[in-house]
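Colleague: Heads up: the protein sequence lines correspond to chains P and U, in order. With the first sequence counted from 1, adding 1 to any position gets you my numbering. With the second sequence counted from 1, adding 187 to any position gets you my numbering.
Worth flagging that the hints you see were computed from the coordinates, not collected in a lab. Careful, some of the hints might be misleading.
Selected chain P positions facing chain U (in silico; Cβ < 7 Å) [claimed, not checked]:
(1) Glu79
(2) Thr131
(3) Asn168
(4) Cys172
(5) Gln180
(6) Ala213
(7) Glu216
(8) Pro219
Once the Cα atoms are required to be at most 20 Å apart in a straight line, the calculated EDC-like pairs of lysine to aspartate or glutamate come out as [what the hints assert, rightly or not]:
(9) P:Lys171 to U:Asp308
(10) P:Lys128 to P:Asp118
(11) P:Lys65 to U:Asp308
(12) P:Lys159 to U:Glu225
(13) P:Lys132 to P:Asp107
(14) P:Lys159 to P:Glu94
(15) P:Lys171 to U:Asp284
(16) P:Lys237 to P:Glu250
(17) P:Lys254 to P:Asp227
(18) P:Lys159 to U:Asp233
(19) P:Lys65 to P:Asp192
(20) P:Lys159 to U:Asp226
(21) P:Lys237 to P:Glu261
(22) P:Lys159 to P:Asp48
(23) P:Lys248 to P:Glu261
(24) P:Lys248 to P:Asp107
(25) P:Lys132 to P:Glu193
(26) P:Lys171 to U:Asp233
(27) P:Lys132 to P:Asp144
(28) P:Lys132 to U:Asp308
(29) P:Lys65 to P:Glu193
(30) P:Lys237 to P:Glu265
(31) P:Lys171 to P:Asp192
(32) P:Lys132 to P:Glu103
Cβ atoms here follow ideal geometry from the backbone N, Cα and C, with glycine treated the same way.
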Amino acid sequence: MPISRRRFVKLGAHAAFGGLLVYTLRGIVLPQSTSRTVEAEGDSAYDRYRPGEHRWAFVIDTMKCIGCGRCARACKQENNVPWDPQCNRTWVERYSFTADGEVCVDSPAGGINGFADEPLPEEVRGKEITKSFFVPKLCNQCDNSPCVQVCPVAATYKTADGIVLINRDKCIGCRYCIQACPYGMRYLLPDERVADKCTWCYHRITRGRLPACVEACPVGARKFGDLRDPESTVSKILAERNVSVLKPEMGTKPKTYYLELDGEVV
Amino acid sequence: MSILIRAALVVALLSTVGLFMRTVTASLSVEVIGLTHEDNPRWWADRPVNNQPAAACAECHEATTEATTASAHATVNCDSCHGAAREHIDLARSGQDAPLALADARDLCTTCHAALVSRPDGFPQVDPTTHGAPDAAVTSSCESCHNAHDPGFPPPFKHPLEGRSDCLVCHGPDQWQPAPPSHADRAGDGCLKCHSPEEQT
Numbered sequence: 002m003p004i005s006r007r008r009f010v011k012l013g014a015h016a017a018f019g020g021l022l023v024y025t026l027r028g029i030v031l032p033q034s035t036s037r038t039v040e041a042e043g044d045s046a047y048d049r050y051r052p053g054e055h056r057w058a059f060v061i062d063t064m065k066c067i068g069c070g071r072c073a074r075a076c077k078q079e080n081n082v083p084w085d086p087q088c089n090r091t092w093v094e095r096y097s098f099t100a101d102g103e104v105c106v107d108s109p110a111g112g113i114n115g116f117a118d119e120p121l122p123e124e125v126r127g128k129e130i131t132k133s134f135f136v137p138k139l140c141n142q143c144d145n146s147p148c149v150q151v152c153p154v155a156a157t158y159k160t161a162d163g164i165v166l167i168n169r170d171k172c173i174g175c176r177y178c179i180q181a182c183p184y185g186m187r188y189l190l191p192d193e194r195v196a197d198k199c200t201w202c203y204h205r206i207t208r209g210r211l212p213a214c215v216e217a218c219p220v221g222a223r224k225f226g227d228l229r230d231p232e233s234t235v236s237k238i239l240a241e242r243n244v245s246v247l248k249p250e251m252g253t254k255p256k257t258y259y260l261e262l263d264g265e266v267v
Numbered sequence: 188m189s190i191l192i193r194a195a196l197v198v199a200l201l202s203t204v205g206l207f208m209r210t211v212t213a214s215l216s217v218e219v220i221g222l223t224h225e226d227n228p229r230w231w232a233d234r235p236v237n238n239q240p241a242a243a244c245a246e247c248h249e250a251t252t253e254a255t256t257a258s259a260h261a262t263v264n265c266d267s268c269h270g271a272a273r274e275h276i277d278l279a280r281s282g283q284d285a286p287l288a289l290a291d292a293r294d295l296c297t298t299c300h301a302a303l304v305s306r307p308d309g310f311p312q313v314d315p316t317t318h319g320a321p322d323a324a325v326t327s328s329c330e331s332c333h334n335a336h337d338p339g340f341p342p343p344f345k346h347p348l349e350g351r352s353d354c355l356v357c358h359g360p361d362q363w364q365p366a367p368p369s370h371a372d373r374a375g376d377g378c379l380k381c382h383s384p385e386e387q388t
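All chains, full assembly: derive it from the sequences and hints.
Modeller: The structure is reproduced here in structure tokens:
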């Protein structure tokens, strides 16, 4: 049966409109039912936790860090991170500056054993060191996170309290996010073949505890708290002191702030 | 001309409908096609807490925890040296023995206290190759002199060594901490006549 162009276009438009309408109605009906089932589950600490009432932030005082690496070690144990030196949710870097202008950055095994066995990195041994310090690194939980933007299956997302998490059931292990993170915070779990990263110990902060690395730090170089609470340590530091973030030019809006950060640190 | 106007009208109409549908669906479509993660934050939040606070250790190790939390090591969490204690505590609560493996004291102490140019000034640091008494038995462990659970600042030394000859290993002339010059003529008396090893000042 021949069909006129006019009729064909008309039919197509009707079909498209109808499709959109059905799609919209489904959208209105379905989410309510799913959220109801989630609320009904209720027996974990997460039920009493209100993500929207918090805005977490992390502050690192590079002048206090002694490079003992207890943070990186505690993190591995807390989050069952593989001992493989390629897999780190947090690590400690050592910056060494020589008199002839060289800058050397090293982090043996992510610093989990500290630096006592290697008083200086190989490259600068025997040279005059003008300054040297440690810089702990962990996920910046960027407000404008490249890793979330690039994920092709939307497996990674930001929670209402500002933490970037990965849904392991959805992650296809394509490593795009690992490439996208300007801070190198992500890695692939060797057995599960899914991306993994620091969650600021989501299981601890939602229970009102501190992240494991903060608790493990013997010198208070790591501070964690809620920016919604004006009395919290991090709120006060951000209000009163000079803080900076890593790679501000990337526009990622990190929530890990550094005190006394040397300009050479990237 | 009229065909251009009609085309423009069709485009405008379609755009309006499209924009309307988008505002209605945008907030919901992500959930409908399963791109939100309602259960996933819960999954993360339900992970077990492996590193335990000192209060958990105090359930059994009350005296040690109390001493440590009142000492210069108050800011050092038990798990920072002893490792994540969840399994140890879970087993202990069910009446099972579950010793926590602890690294050799000298390795453990030097992790923080070995002198490094990168560490902040003012943090107590020593050169592990020269620090301590020049006696193999003593240098083998920091704990011969220092108590990790109550280091003090300056550290109140435990003095397990007794007798004149042993004292001079550290306190003889040219040694690590020589006795004051006024002590030079007291050689025959024996240190213990005046100093009690347990109450050394």
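Colleague: Is the hinted pair lysine 171 (chain P) and aspartate 192 (chain P) satisfied, with a Cα-Cα distance of at most 20 Å?
Modeller: holds (16 Å)
Colleague: Taking the closest Cβ pair, is glutamate 79 (chain P) under 7 Å from chain U?
Modeller: With Cβ-Cβ at 5 Å, under 7 Å, it holds.
Colleague: Does glutamine 180 (chain P) pass the interface check with chain U, least Cβ-Cβ distance below 7 Å?
Modeller: Given a least distance of 21 Å, the restraint on glutamine 180 (chain P) is violated.
Colleague: Would you mind confirming whether the straight-line C-alpha gap from lysine 159 (chain P) to glutamate 225 (chain U) stays at or under 20 Å?
Modeller: holds (12 Å)
Colleague: Are lysine 132 (chain P) and glutamate 103 (chain P) close enough, with their CA atoms no more than 20 Å apart?
Modeller: holds (11 Å)
Colleague: Check whether the Cα positions of lysine 248 (chain P) and aspartate 107 (chain P) lie no farther apart than 20 Å.
Modeller: holds (19 Å)
Colleague: Is it true that the CA of lysine 132 (chain P) sits at most 20 Å from the CA of glutamate 193 (chain P)?
Modeller: Since the Cα atoms of lysine 132 (chain P) and glutamate 193 (chain P) sit roughly 41 Å apart, the hinted pair is violated (cutoff 20 Å).
Colleague: Is lysine 132 (chain P) close enough to aspartate 107 (chain P), meaning Cα to Cα at most 20 Å?
Modeller: holds (14 Å)
Colleague: Taking only the CA atoms, is the gap from lysine 65 (chain P) to aspartate 308 (chain U) under or equal to 20 Å?
Modeller: Given pair lysine 65 (chain P), aspartate 308 (chain U) holds - Cα atoms ~9 Å apart, limit 20 Å.
Colleague: For the pair supplied as a hint, lysine 159 (chain P) and glutamate 94 (chain P), confirm whether the alpha-carbon distance does not exceed 20 Å.
Modeller: Roughly 27 Å between the alpha carbons, so the hint for lysine 159 (chain P) and glutamate 94 (chain P) is violated.
Colleague: Does glutamate 261 (chain P) sit within 20 Å of lysine 237 (chain P), going by the straight-line distance between their CA atoms?
Modeller: It holds: about 16 Å lies between the C-alpha atoms, which stays within 20 Å.
Colleague: Holds or violated: are the alpha carbons of lysine 132 (chain P) and aspartate 144 (chain P) at most 20 Å from each other?
Modeller: violated (33 Å)
When each numbered hint is compared with the structure, violations occur for hints 2, 4, 5, 9, 14, 15, 16, 19, 25, 27, 29 and 30.
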